[in-house]
Amino acid sequence: MNLNPLSFLFGEVASDQVVPPRGNAAWLTGFASAAMAFIAVFALTLSIAVGRLADYWSLELIRTATVQIVAAESELDAQTEAAMRVLTTSSGIDSAKIIDESEQLNLLEPWLGNDLPAGTLPVPRLIDVQFSEEGADLESLRLRLESEAPGATLDDHSYWREPVIKASKRLRIMVAISLALTGLITVIIVVLSANSALASNQSIIRTLRLLGARDSYIAKAFVRRITLRATMGAVAGMILALLAVLTFPTQPESNGLLSGLSISGLDWAYSLLVPLLVAVSAFIASRMAARYHLHSVT
Amino acid sequence: MISLENAGYSYGSRAILENVTQELAAGSFHFLTGPSGAGKTTLLKLCYLSLMPDSGKLEIFGQDVTKLNREQITQMRRRIGVVHQDCQFLNHLTVRQNIALPLLVAGKNIEDNMENLEDLLAWVDLDHRADAFPEEISGGERQRLALARAVIMDPDMIVADEPTGNVDWEMGQRLLTLLVELNKMGKTILLATHDLNLIRSIKGRVPASVLRLKGGQLDLAGAQL
Numbered sequence: 001m002n003l004n005p006l007s008f009l010f011g012e013v014a015s016d017q018v019v020p021p022r023g024n025a026a027w028l029t030g031f032a033s034a035a036m037a038f039i040a041v042f043a044l045t046l047s048i049a050v051g052r053l054a055d056y057w058s059l060e061l062i063r064t065a066t067v068q069i070v071a072a073e074s075e076l077d078a079q080t081e082a083a084m085r086v087l088t089t090s091s092g093i094d095s096a097k098i099i100d101e102s103e104q105l106n107l108l109e110p111w112l113g114n115d116l117p118a119g120t121l122p123v124p125r126l127i128d129v130q131f132s133e134e135g136a137d138l139e140s141l142r143l144r145l146e147s148e149a150p151g152a153t154l155d156d157h158s159y160w161r162e163p164v165i166k167a168s169k170r171l172r173i174m175v176a177i178s179l180a181l182t183g184l185i186t187v188i189i190v191v192l193s194a195n196s197a198l199a200s201n202q203s204i205i206r207t208l209r210l211l212g213a214r215d216s217y218i219a220k221a222f223v224r225r226i227t228l229r230a231t232m233g234a235v236a237g238m239i240l241a242l243l244a245v246l247t248f249p250t251q252p253e254s255n256g257l258l259s260g261l262s263i264s265g266l267d268w269a270y271s272l273l274v275p276l277l278v279a280v281s282a283f284i285a286s287r288m289a290a291r292y293h294l295h296s297v298t
Numbered sequence: 299m300i301s302l303e304n305a306g307y308s309y310g311s312r313a314i315l316e317n318v319t320q321e322l323a324a325g326s327f328h329f330l331t332g333p334s335g336a337g338k339t340t341l342l343k344l345c346y347l348s349l350m351p352d353s354g355k356l357e358i359f360g361q362d363v364t365k366l367n368r369e370q371i372t373q374m375r376r377r378i379g380v381v382h383q384d385c386q387f388l389n390h391l392t393v394r395q396n397i398a399l400p401l402l403v404a405g406k407n408i409e410d411n412m413e414n415l416e417d418l419l420a421w422v423d424l425d426h427r428a429d430a431f432p433e434e435i436s437g438g439e440r441q442r443l444a445l446a447r448a449v450i451m452d453p454d455m456i457v458a459d460e461p462t463g464n465v466d467w468e469m470g471q472r473l474l475t476l477l478v479e480l481n482k483m484g485k486t487i488l489l490a491t492h493d494l495n496l497i498r499s500i501k502g503r504v505p506a507s508v509l510r511l512k513g514g515q516l517d518l519a520g521a522q523l
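Protein chains in written order, with the working numbering: chain A, 1 to 298; chain B, 299 to 523.
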């Protein structure tokens, strides 16, 4: 008797050969597992990428601040100079840089378009502040700016940071729920396909029993086949999902809001867990289904 | 070997077998006959443990079958070779693989039994069709394949349900000859058929008896041929 080339993985002598290699249940198991693995890898990748992007945004915002100067045209330069003096002499600040008009227009471009005539909008003067690792005392910085440059206000980005962190936390919860649902649906599909495989092979089960096969032998044969099909489907789904992920932009673009959704380094390894989890789920689900089915059929 | 004592079986409220009492001795040859719907297949199913009697008593190899657990039933099934009219093969396996199937499910080493397997293929004249699939062979070849599969485990008893039902006279005689050979080797044979010519043709070859079922009851029990 020919041995199944994969029999060394599963031990025993090719007992899964007793299960027909083709049939609707086989197709269903493989396809459903591939689809579920695709969705799971995609959700997992999205979760990792969104998390990292949220961390990146958060870190960027926490280590920077903006000083905004609103003053009459005649006082603007003097107020800017005073604010710069405060910033360059305060501790915990790495750099302070006045954002010139063209840079300001670039920042407004995503919202207002690129045909803004320079000088027509009453935009305030902005100073980009980079904090050092230890950070600055924001309260005393505010007080100093208030006394030396009354037109200057310090924006520490907390207004922007908190919603970003909140949104990323919610997004992660949603992705976790999606992953859990995907896993649950995978288990349900495997149970249904196992039942379908067992039901459509009633005559084979009857024949095997009459030939002296134990129910555990029959169950094992079906479980192996179903687990193998589900795993192969999941591997295919994972590969397709990873290929799709490769099309994500790899670097945060300067003016895009949702760029940088790629994964890198060890993050790829998490995807390998998906086929493994599908295999384990398929094994447990098909084993339970097979035992229940065989027990209920005389 | 088999002892039936007022054994009965019903499908729902319809009694298929009633008060069947009969002894089948080891090494004996029996024809089971009767009109369609008389309960022949049901009686055979009781004898190869596909069904359990719901009344009376059935002992096989000296054991009350209703008291056996699943494992004991499995072990007992391995001592009984079954030949069905519709054969029931695994169509995705070859002739050789189908014959070896009982060895595989019993966890026996196929390599150790290769000689026996090849001998069996030659005995049923299927050595030239060993790598064909069941759907590619003729009705007579399928019956011989079923017989080879039934005897690969060297069972004590062969139960055959209308094995000649779908084959011509000549093929029926070839099958009967094979069963006679098995009986001469000491196997108990229980063969269900409604073909009276087949029953008559055994006369003088081996001692055989006829059991006739009618309306679920044995009305002729053990008439010697």
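These aren't lab readings, by the way, just hints derived from the structure by calculation.
Check each hint, because a few of them may be wrong.
Computed, partial: chain B to chain A, Cβ under 7 Å [stated by the list, open to error]:
hint, residue
1, Gly325
2, Gln370
3, Arg375
4, Gln383
5, Gln386
6, Leu476
7, Val478
8, Ala506
Restricting the straight-line Cα-Cα distance to at most 25 Å, the calculated cross-link-like pairs of lysine to aspartate or glutamate (DMTMM-like) are [as the list claims (entries may be wrong)]:
hint, chain 1, residue 1, chain 2, residue 2
9, B, Lys365, B, Glu409
10, A, Lys220, B, Asp410
11, B, Lys406, A, Glu81
12, A, Lys169, A, Glu146
13, A, Lys169, A, Glu81
14, B, Lys406, B, Asp454
15, B, Lys365, A, Glu60
16, B, Lys343, B, Glu479
17, B, Lys482, B, Glu433
18, A, Lys220, B, Asp423
19, A, Lys220, B, Asp517
20, A, Lys166, A, Asp55
21, B, Lys512, B, Glu369
22, B, Lys343, A, Asp55
23, B, Lys482, B, Glu434
Far from chain B by the CB rule (all over 10 Å, computed), these chain A residues [stated by the list, open to error]:
hint, residue
24, Gln17
25, Val18
26, Pro21
27, Ala72
28, Glu139
29, Ala176
30, Leu192
31, Ile204
32, Ala269
33, Leu273
Note that beta-carbon positions come from the ideal geometry of N, C-alpha and C, so glycine has one too.
Hints, verified against the model:
1. Gly325: Violated, about 22 Å.
2. Gln370: Nearest chain A Cβ about 11 Å off; hint violated.
3. Arg375: holds, 5 Å
4. Gln383: Status violated, d = 14 Å.
5. Gln386: holds, 4 Å
6. Leu476: Given a least distance of 19 Å, the restraint on Leu476 of chain B is violated.
7. Val478: Hint violated; Val478 of chain B Cβ to chain A Cβ min 24 Å, cut 7 Å.
8. Ala506: violated, 25 Å
9. B:Lys365 x B:Glu409: Violated, at about 36 Å.
10. A:Lys220 x B:Asp410: Answer holds: Lys220 of chain A to Asp410 of chain B is near 24 Å, not above 25 Å.
11. B:Lys406 x A:Glu81: violated, 94 Å
12. A:Lys169 x A:Glu146: Violated: Lys169 of chain A and Glu146 of chain A sit about 35 Å apart, past 25 Å.
13. A:Lys169 x A:Glu81: Judged against 25 Å, a Cα distance of about 40 Å means the pair is violated.
14. B:Lys406 x B:Asp454: Judged against 25 Å, a Cα distance of about 18 Å means the pair holds.
15. B:Lys365 x A:Glu60: violated, 77 Å
16. B:Lys343 x B:Glu479: holds, 24 Å
17. B:Lys482 x B:Glu433: With a Cα-Cα distance of about 32 Å, the restraint between Lys482 of chain B and Glu433 of chain B is violated, given a limit of 25 Å.
18. A:Lys220 x B:Asp423: Between Lys220 of chain A and Asp423 of chain B the Cα gap is close to 34 Å, so the pair fails against 25 Å, i.e. violated.
19. A:Lys220 x B:Asp517: violated, 45 Å
20. A:Lys166 x A:Asp55: holds, 11 Å
21. B:Lys512 x B:Glu369: violated, 34 Å
22. B:Lys343 x A:Asp55: violated, 70 Å
23. B:Lys482 x B:Glu434: violated, 32 Å
24. Gln17: Its Cβ does come within 10 Å of chain B, the nearest being 7 Å, so this is violated.
25. Val18: About 6 Å separates Val18 of chain A from the closest Cβ of chain B, which leaves it inside 10 Å; violated.
26. Pro21: violated, 6 Å
27. Ala72: It holds; Ala72 of chain A is separated from chain B by about 90 Å at its closest Cβ, greater than 10 Å.
28. Glu139: holds, 79 Å
29. Ala176: Holds, because the least Cβ-Cβ distance between Ala176 of chain A and chain B comes to about 42 Å, which exceeds 10 Å.
30. Leu192: About 23 Å separates Leu192 of chain A from the closest Cβ of chain B, which puts it past 10 Å; holds.
31. Ile204: It is violated; Ile204 of chain A is separated from chain B by about 6 Å at its closest Cβ, not greater than 10 Å.
32. Ala269: holds, 38 Å
33. Leu273: holds, 34 Å
When held up to the earlier numbered hints, the structure conflicts with 1, 2, 4, 6, 7, 8, 9, 11, 12, 13, 15, 17, 18, 19, 21, 22, 23, 24, 25, 26 and 31 and fits the remainder.
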